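Engineer: What follows is each chain in one-letter form.
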Amino acid sequence: MIVTRLLLAIPTLLIIITLAFFMIKVAPGGPFDTERALTAQVQANLNKQYKLDQPLIAQYGHYLSGVVRGDFGPSFQYRDQSVSGLIRQGLPPSLLVGGLALVLALMVGLSLGVWAARRPGSSIDRLTMAGASIGLALPSFVIAPMLAIVFGVGLRWLPVAGWGTLSNLVLPVTALAIPYSASIARLIRGGILDTSAEPFVRTARAKNVSAQRLLFRHILPRAMMPVISYLGPAAAGILTGSVVIETIFQIPGIGRYFVQGALNRDFTLVMGVVIVYAALIILFNLIVDLALQRLDPRTRDAAS
Amino acid sequence: MRFFLCAACLILGLSGCGGPIERPERTDFSSLVRVNGDEVRTLDPHRVSVTYEVGVVSDLFLGLTDLDPKARPVPGLARNWSVSDDGLTWTFLLRDGLQWSDGAAITAEDFVYSYRRLAAPETASGYSSLLSVITNADAILAGKAPVETLGVAAPNASTLVFTLTAPLPVFPEMTAFAAMVPVPRHVIEKHGEKWSRPENIVSNGAYTIQSWQRQAHMVLKKNPRFIDADTVAIETLTYIPISDNMMAVRRFRAGEVDIIPEFPDPMGPILKEQLGEQVHVYTYQGTYYYVFNNERPPFDNRSIRKALSMAIDRKPIVDSIMRSGYRPAYSMVPPATGFYGEAYKPVWASWPMEKRLAEARTLLANAGITVETPINVEMRINTSDTHQRLGLAIAQMWKPLGVNVTLFNTEAAVHFSDMRKGNYTLARAGWIADYNAADNFLFVFQSKNIGLNYPNYNSPAFDALFGKGQRESDIGTRMGYFRQAEAVLIEDSPILPLYYYVSKNLVADDIEGWENNLPNRHRSRWLRFKRPAS
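In order, the protein sequence lines correspond to chains A and B. Everything in the first sequence is counted per the working numbering, starting at 1 for the first residue and increasing by one. Everything in the second sequence is counted per the working numbering, starting at 305 for the first residue and increasing by one.
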């Protein structure tokens, strides 16, 4: 099962690489079309250095053979750096912020959702769900500067932006986690309410199982299913969402390379980040599917 | 309470709480944090291409000359310099005991090597055009002559002689420019392309690089081998790249950074209120203009171009839209450019607006353009709030004349590539000079300047006058020719100058040694903190 999925990932990645490569190439403008014009001679020299003077299909072949060897080529903007080197520097901060945001979103979302589901229709339930709707509706590029203004400039509790200390992590992780914790809260609440109406829960109740045991042993594993399926797209969303958050909070992650690379037509850099994003998303989806399989008694038994 | 106030301000859309803002008290007097508009892409002086790279490289490297706080050329690695009577031969004498940060000696040969590297086609330097004035540089860059033929020689270890093709009185200012510093041959030969990585780089300026987490912060340390090390006050210098200048302002307010190089234009007045003297707005050597495609109707017609320029009331544009002290422009060369005198002003620029509009209407009507028979024009802008707001204002001003403007915005890469291909009718552009001299503005419109001469302006009269000025070594006569050339240019109206740029720095009020200057160059070596009286 895992092996087949991993093998399937190869053609998926190949399609993504091919599409991305040709899409970037058809975009108008090139890496050396800056406001400060280079002389025609300098342009020609640069194109030759970066093999941009070769036919597109040759460039594609050249690029692909590099990728197979794990070489993402030289960066057009950072002329003394390789794309692999830049990604190696940028990936840890991105994964740290994204991973913490996912954990925070799970913790906050699950607690709120479970709390709200205990008494559906109560004022706590309605308040939590209203809060979740707001959290969902506010895009991160609104939440992030708001947090920075209130906690950084106004109250001076936390740094406005930057990187290097633990306190630098608080605002970006929070801003990134808010919409996802809202989704998770709504999902788990719905899951609990649906599951509570199932016959097996009624049976358990009739058997006088304690409320705590009922919730944790019988209801939650089942109610978690939609949350876990959601984690795949959520992880992907947090990754791409971090492009905005990284720019606002000046986090040295790959999201910023992605934005800058795209704007400056740094072909190799954009390609490199696309490949890393794609690989991560494929990996997350695989993990989620495996987890679902383990949790669901039906598929678990079928697999074993 | 403060929490709610801020939250309230936020909801009302204000950009912070009103009234003066106090930054937290400073405790570390040896460490300065500067913001850069974006991340530096390379530290190789021959590969820099944008202002924020120029700033960092100038803190790391020192050239023959340097710019003092007021941006006047002062001795750098050269003790003194002299020029021959014809203005074509410049001789620089190096100071004694010059060292790279690794202890190796710096000799005149290092300079010769560096200028040859800058000129070499394989270096593909964006600033190689600066060398144009040096004998054979253009031929070398085009691959038509070996680098050894460049007009730079080192008769002995401490003398450097340049041979120019035309006089350039501001040459000592140009030698202070980041691309003109020497680079360490012994390091480049050892590491190749990777010499400029932080772990390999060796420099000779006031600072050396200590650590660099790309996109987060670059930390520089005072270089003990710097020739004037005893005068450098700041021990640790940090550069932080922030492309969102609103965020830079927030970090400045919070006291996290000490100098920021830019703030959003409409914030000028509110920042002045909040930060007082820390707001430094000053004339900058740059001009914002629109380009007419002179080869495409309707703008192949000079009267139409001129009429449209006349019809723009620049005052409300700088006062209400830009709001940060910009000045209306009617010419390419800004006021206060070295030795140039007053900025050129066409006669109509002093007419009252009604008269200008009437004249513009007549000119347009003669070309068949009226409100009843309007024309449609697409204005190309690169994506930015400012360009958008300006474009809309201009469209409003032209509409009553029968010119309907639609805005079309693209990212910068597409914008400039299309302009270079002539694939536009009307487009925004700007030019910031590399050094403070009129020639560095006017050369843009030479007919041979492919790449920068966006309107494809082709005027033999302009070319001839500009060329005469370039060959002249007497400053007065030189400027006379340049002024005549610009008069030809502006009366032909291939472009529509809108305003002169300003530099907009925020500088913490306890920093000394900061002087606003025209090229907006501020070496960190001159800065220090005022210590509180104890």
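These are computed hints drawn from the structure, not numbers from a lab. On a predicted model such as this, the values are computed, not experimentally measured, just so you know. Some hints could be false.
Think about it this way: if two alpha-carbon atoms lie no more than 30 Å apart in a straight line, the pair counts; the simulated DSS-like pairs of lysine-lysine are [claimed, not checked]: (1) B:K526 <-> B:K374; (2) B:K703 <-> A:K51; (3) B:K448 <-> A:K48; (4) A:K25 <-> B:K659; (5) B:K498 <-> A:K51; (6) A:K48 <-> B:K725; (7) A:K25 <-> A:K48; (8) B:K374 <-> B:K448; (9) B:K659 <-> B:K619.
The calculated label-pair distances, taken between Cβ atoms and stated as ranges, are [claimed, not checked]: (10) A:R119 <-> B:P502: 37 to 43 Å; (11) B:Q692 <-> A:I2: 19 to 25 Å; (12) A:L8 <-> B:R529: 56 to 62 Å; (13) A:I57 <-> B:E497: 25 to 31 Å; (14) A:P139 <-> B:E452: 57 to 63 Å; (15) A:L91 <-> B:M550: 24 to 30 Å; (16) A:F141 <-> B:E326: 25 to 31 Å; (17) A:Q54 <-> B:F333: 52 to 58 Å.
Using N, Cα and C, we set each Cβ at its ideal position, and we do this for glycine too.
Engineer: With reference to the structure, classify each hint as holding or not holding.
Structural biologist: These are the hints, each one checked on the structure:
Simply put, K526 of chain B and K374 of chain B have alpha-carbon atoms about 22 Å apart, close enough for the 30 Å limit, and the pair holds. At most 30 Å may separate the alpha-carbon atoms for a hinted pair to count; K703 of chain B and K51 of chain A exceed this at roughly 48 Å. At roughly 17 Å between alpha-carbon atoms, K448 of chain B and K48 of chain A fall within 30 Å of each other, so this suggested pair holds. Our distance criterion of 30 Å between C-alpha atoms is broken by K25 of chain A and K659 of chain B, whose separation comes to about 51 Å.
Taken as a hint, the K498 of chain B and K51 of chain A pair is honoured in the structure, with Cα atoms around 19 Å apart against an allowance of 30 Å. Restraint check for K48 of chain A and K725 of chain B: the C-alpha separation of about 20 Å stays at or below 30 Å, so the hint holds. Pair hint K25 of chain A plus K48 of chain A holds up; C-alpha atoms about 16 Å apart against a cutoff of 30 Å. As the CA atoms of K374 of chain B and K448 of chain B are separated by approximately 40 Å, the hinted pair breaks the 30 Å bound.
For the hint linking K659 of chain B to K619 of chain B, the alpha-carbon distance of about 16 Å falls within 30 Å, and the restraint holds. With their beta carbons about 59 Å apart, R119 of chain A and P502 of chain B fall outside the hinted range of 37 to 43 Å. Taken as a hint, the range 19 to 25 Å is violated for the pair Q692 of chain B and I2 of chain A, whose Cβ atoms sit roughly 51 Å apart. With their beta carbons about 59 Å apart, L8 of chain A and R529 of chain B fall inside the hinted range of 56 to 62 Å.
One distance hint, 25 to 31 Å for the beta-carbon pair I57 of chain A and E497 of chain B, holds here, with the actual separation near 27 Å. In this structure, P139 of chain A and E452 of chain B meet the distance hint of 57 to 63 Å, their C-beta atoms being roughly 59 Å apart. Hint check: L91 of chain A to M550 of chain B, Cβ distance near 28 Å, so the stated range 24 to 30 Å holds. Separated by about 29 Å at the C-beta atoms, F141 of chain A and E326 of chain B satisfy the suggested range of 25 to 31 Å.
At about 55 Å, the beta-carbon gap between Q54 of chain A and F333 of chain B stays in the expected band of 52 to 58 Å.
In this structure, the hints that do not hold are numbers 2, 4, 8, 10 and 11, in rising order.
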